[in-house]
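Q: These are the residues of each chain, in order.
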Amino acid sequence: MWSEKHRPQSISEMVGNEEARAAIVEWFAKWKKGTKPLLLVGPPGIGKTTIANLSAKQFGYDMIGLNASDVRSKAQINDILSPVLGNVSVLGTPMIFVDEVDGIHGRSDYGGTEALINILKEPTVPMILAANSDSSDKMKSIKKVTKSIVFRPIPPRLLRLYLENIIKKEGAKISPGSVIKVIDESRGDIRSMINMTQSMVTGFNPSTEKSFETLNIEDGINAFFKSNTLDEARIVLYSMQIDPREKIIAFYSSIVTSRISNDDMQNMLQVVSEADILYGKIMKNQEWRLLRYLDAILIKLYKKDTSIRYNKFNLSWPLLNRLRWDGKNIKAFATVMAKQMHISRSTFGTFYLPYLLFCLKNKQFNFPLEESFGELVEKEMELIK
Amino acid sequence: MSWRKIPMKFPGTCIVCNEKIQINEIGLWAKGLGVKHEKCAEVKELKCGVCGGPAGCQQCEFIENCDLEKVSQICICKKCFDQKNSFDNYQESIKKQFHILNH
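Protein sequences, first through last, are from chains A and B. Okay, so the first sequence: first residue is 1 according to our numbering, each after it adds one. Okay, so the second sequence: first residue is 1001 according to our numbering, each after it adds one.
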């Protein structure tokens, strides 16, 4: 993917936020035990994680990356960080990077913030934290013990300079109008901007020229199965920023309602099942860092020239129609019959109706039925084997 | 719409920065719009990272989608943008301005 291929190799290769970058380099150059950790604040996709990675590389540190889900409780923090903070020589020269610290809040915080603050007060290794916003109360206490560096959105023309350099390196051609459109739509998110451009250049160009993020799930699933190459499918999949549960369900319902061979169906359902198990693990232990592997599993669903298209419901249309219209009639029938038999409607539907239909079919007895239910009963009797 | 420079008779709130404008302070007033600080009335321009001059934001193709107050304050002007190797020029200039990035 272009966003990986053209990732800056050093801090000086990045664009925008020049003063912030210089401040980070200076902080690293002057770092000694006890130096206040850094808190990088800014919107997603403008290089906070990239600069942490590059700084570690440039200054010879081994970066230990954590995110909010790793630091929810005191025990988790101590388990992960104590060996690093206490035994530096064994673990080389570690540097700790905690991403999305503003994500630990409310009920998800089991003492994590407090434990983290205690560590931040006396750092023995360089520590960098990143947050999208620093306005919450929890962030106020973190801000007190850190040095804040604000990352601002990058001016769009500078983004254009960066993007056109990538396009030039790739030997691709894209109209200036499309470049401007991509930049406007990415709203300063560099990763999303590069992904969108690659999608356009490699042939997948949604009719609206909108980013995948703004496409609904239907367009995303259809684009995935219509992709010409695995890479294209991967871009579509990675760019579908929707709830993972929704993503799995959408793939499941689209697959089970499509006309594909039994072997393909079996393989695909196996993949969906793997994805579901992973999601179950994430939810059970709140290990959100595992989420990054979800797309790596779902990409196995890609098969060229498959007829699968998005379907919201996991039942076929004929069955859905039957459930809707016949279900309504059965409900009405059960209401009438339940009154006559002095039982509940659900008891009638579950226990009485099958026997009633069976008796009627075998002409065991003649039951006076309202005319309007005749057709329904006929239809149901036909279904009894 | 014309903005009139007036010494404030009453305290007001600047429509740009939302800060108070005190009595006797100079403010710019327009009927039906309100008041703003003299400083806030200046047209904001980003700086060109290559030539060091103004980036020419008012003529920029992205003017409608660029929040000049919020974005990183170094950009590139049209002239420097149109030059050959503009990206390399930008990087070189930034390295010169921020020596520490070469660390």
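Please keep in mind that the hints were generated in silico from the structure rather than gathered at the bench. Among the hints, a few may not be true.
[Claimed, not checked] Some but not every residue of chain B turned toward chain A, in silico, with C-beta under 7 Å:
id, residue
1, I1006
2, M1008
3, C1040
4, V1043
5, C1051
6, Q1058
7, N1065
8, C1066
9, I1076
[As the list claims (entries may be wrong)] In silico DSBU-like cross-links for lysine-lysine, where the CA-CA straight-line distance does not exceed 30 Å:
id, chain 1, residue 1, chain 2, residue 2
10, A, K30, A, K169
11, A, K143, B, K1070
12, B, K1070, A, K140
13, A, K30, B, K1095
14, B, K1079, A, K147
15, B, K1044, A, K173
Beta carbons: idealized from backbone N, C-alpha and C, even for Gly.
Q: Under the criterion of a CB-CB separation shorter than 7 Å, is I1076 of chain B in contact with chain A as hinted?
A: holds, 6 Å
Q: With a cut-off of 7 Å on the beta carbons, see whether M1008 of chain B makes it to chain A.
A: Because about 31 Å separates M1008 of chain B from the closest Cβ in chain A, which is outside the 7 Å limit, the hint is violated.
Q: Hint validation: C1051 of chain B versus chain A, beta carbon distance must be below 7 Å. Holds or violated?
A: With Cβ-Cβ at 14 Å, over 7 Å, it is violated.
Q: Answer holds if the nearest beta-carbon of chain A is closer than 7 Å to that of N1065 of chain B; otherwise answer violated.
A: holds, 5 Å
Q: Restraint: Q1058 of chain B near chain A, CB-CB cut 7 Å. Satisfied or not?
A: violated, 13 Å
Q: Does I1006 of chain B pass the interface check with chain A, least Cβ-Cβ distance below 7 Å?
A: violated, 34 Å
Q: Against chain A, run the beta carbon of C1066 of chain B and see if the smallest gap drops under 7 Å.
A: Nearest chain A Cβ about 5 Å off; hint holds.
Q: Decide if the proposed pair is consistent with the structure: K1079 of chain B and K147 of chain A, CA atoms, cutoff 30 Å inclusive.
A: Judged against 30 Å, a Cα distance of about 37 Å means the pair is violated.
Q: Does K173 of chain A sit within 30 Å of K1044 of chain B, going by the straight-line distance between their CA atoms?
A: violated, 34 Å
Q: Per the CB criterion, is V1043 of chain B less than 7 Å away from chain A?
A: This hint is violated: V1043 of chain B lies away from chain A, its Cβ roughly 16 Å from the closest one there, beyond 7 Å.
Q: Given the hint that K30 of chain A pairs with K1095 of chain B, test it: the Cα-Cα distance must not exceed 30 Å.
A: With a Cα-Cα distance of about 19 Å, the restraint between K30 of chain A and K1095 of chain B holds, given a limit of 30 Å.
Q: Do the alpha carbons of K1070 of chain B and K140 of chain A lie within 30 Å of each other, as the hint requires?
A: holds, 21 Å
Violated hints for the displayed structure, listed by number in ascending order: 1, 2, 3, 4, 5, 6, 10, 14, 15.
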